[in-house]
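Undergrad: Starting from the structure of chain A, add chain B where the hints point.
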Amino acid sequence: MSARYDQTPVIQTKQLVKRYGSVTAIDHADFELYPGEILAVIGDNGAGKSSLIKALSGALIPDSGEVLLDGKPVHFSSPMEARELGIETVYQNLAISPALNISDNLFLGREIRKPGILGSLFRMLDKKAMEQRARDKMSELGLMTIQNISQAVESLSGGQRQGVAVARSALFGSKVVIMDEPTAALGVKESRRVLNLIKEVRDRGLPIILISHNMPHVFEVADRIHIHRLGKRAAVVTPESHSMSDAVAIMTGAMDVSDEPTQAA
Amino acid sequence: MSSTDQKPSTAVLDHDKVADQAQTYEAKFESQVTPLQRFQKFLHKYPVAAPSIVLLLAVLAFSIIVGDRFLHPFNLSLVLQQVTIIGVIGIAQTLIILTAGIDLSVGAIMVLVSVVMGRMAVDYGFEAWLALLIGIAAGAVAGFINGQLITRMKLPPFIATLGSWNVFFALNLWYSKSETIRSQDISAMAPLLQWLGETINVFGARLTYGSILMLGLFFIIWYALNWTAWGRHVYATGDDPAAAKLAGIRTDRVLLSVYVLAGVVCAIGAWVLIGRIGSVSPQAGYTTNLDSITAVVIGGCSLFGGRGSIYGTLIGALVVGVFRNGLALAGVDVLWQEFTVGILIIVAVGVDQWIRRGTA
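Protein chains in written order, with the numbering used here: chain A, 13 to 277; chain B, 1066 to 1425.
Here chain A stands alone, though its shape is the one from the complex:
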């Protein structure tokens, strides 16, 4: 594990705040993701995990505080802007179009056109180039158990669909991949594959933010675990320093961590 925690965080938030009326979804939250790590984000329902993640992926505009990318402040007004800066999100519902094929899905919204007049005047897609790059990426990530790159995504299993979504983020993400509950809808065997895939992406140099409720999965793959409670960070632990029960205790407020005191409710 080459994550070095004295480097500049790849993505960081400082004192981030987001309120919805009288509800404070993000309450002065700090967050750091370092190069080359898998950082799990856990928290009880309503702790504000998804709001935090939305702020990182550009789906939500914070009221105050800042988001830093490679140490520089950034202001996303849409997920597209975050994507252009290399932040890819694998949504829980995968943002995949079932009727389209794998290659079409990987390049959805970012299609490659043929060179020359075919591409410029007739807007013709370069299907060959897209299929080739799709095939390369899928086999690079060990996903080529999928036989045919031009088969419709709806013919794939849940794990394979997840694989397609991860491959897409790995294809375009240059800074961070955010994964929202990647194993929630999967069976045991498929979860294993996806966890291996997550490690594979990390080992290729892309840091990952992993949101999950599944403690065994979190403890298996994460380098560090960000525990979110009441709209802010309650603690950052590692699978080595704390057990799953400790993590759950911090998450629910049953245990206080001295260096990151939880707020008295």
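Source of the hints: derived by calculation from the structure; they are not laboratory data. All values reported here derive from a predicted model rather than from experimental measurement. Cβ coordinates follow ideal geometry from the N, Cα and C atoms, glycine included. You may find that some hints are simply not true.
[What the hints assert, rightly or not] Listing some non-contacts, in silico: residues in chain B with all C-beta distances to chain A over 10 angstroms:
#1 Y1189
#2 T1264
#3 F1283
#4 A1395
#5 G1407
[Unchecked claim] Taking CB as the label site, the calculated pair distances span:
#6 A:N160 to B:F1104: 17 to 25 angstroms
#7 B:W1419 to A:K84: 49 to 57 angstroms
#8 B:N1231 to A:V200: 53 to 61 angstroms
TA: Showing chain B alone in chain A's frame:
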């Protein structure tokens, strides 16, 4: 979470063990594919297959029942002429149904535009090509209005176009003063408007330029749907708009472009209509909107969006044309034509549901 107090290492071991077992279960499960399921998968993969089979069977049946009269090139080209308007309007309808919408106003746009074209050329004495261009612009504006109602005001397409259907139809009656523009006036002032009704002889078949234009339009839209990013976005928007949005597609723009394009295609349909009936009648094409939906549905396009092929609509229109023509030649009462088309619609939608259930 029952396993929270386990140590991570044991959890991993358990996972692997169970995963191995799961593999054997899965292998057993996959071997139980019946021929019917395989057929279902085949239809799902090739949406044009089902209507093509129906078309072939219909042609076969009528050539047995009616005989040579049906299979004669002249009769077949007649069928093609009869489906030309439905085919063109069906193209517009397919685009919209692919986005999980529906357009009840297509027929009204067509008639309104035909009146605009006719009056521009005959009453105002504009050059025929200019009258055509103004008509096409009017079609685009009509489609733009539908698109705005749906993307900006978030009205359901069914309701938005139910409203605009009535509005366009009333405008058509007002602008035409409920009067027909006579065929001889058009041929005297602007013969170009009737040009699509002229025929050329191909091996005893009499093809109209309108039919050829329709086939050309099918090709252009097929290309746009299958070989451009826009086409992929149309499918993605209809398939799962939320997913498409998350993938970075501006779905509202896609929808708006689809409605405008549909309006333009309807305007081209208006030109074909003038060619077919020679005159401009504000009462023409009253059932075209429903007929176009029929063609699209029989062509295997899913009303839930994202699934279907533009060629399915051509085949769907031909199926309707063949049934009507064949039944008429067999001397069957017109009411049974309507009956048959109705049954075809119900069967087509039933088959679509069945296909989707099998592989969703």
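Undergrad: State for each hint whether it applies.
TA: Hint by hint, here is what the structure shows:
no.: 1; hint: Y1189; verdict: 35 angstroms, holds
no.: 2; hint: T1264; verdict: 31 angstroms, holds
no.: 3; hint: F1283; verdict: 17 angstroms, holds
no.: 4; hint: A1395; verdict: 39 angstroms, holds
no.: 5; hint: G1407; verdict: 28 angstroms, holds
no.: 6; hint: A:N160 to B:F1104: 17 to 25 angstroms; verdict: 20 angstroms, holds
no.: 7; hint: B:W1419 to A:K84: 49 to 57 angstroms; verdict: 55 angstroms, holds
no.: 8; hint: B:N1231 to A:V200: 53 to 61 angstroms; verdict: 57 angstroms, holds
Comparing the model with each earlier hint shows no violations; every hint is respected.
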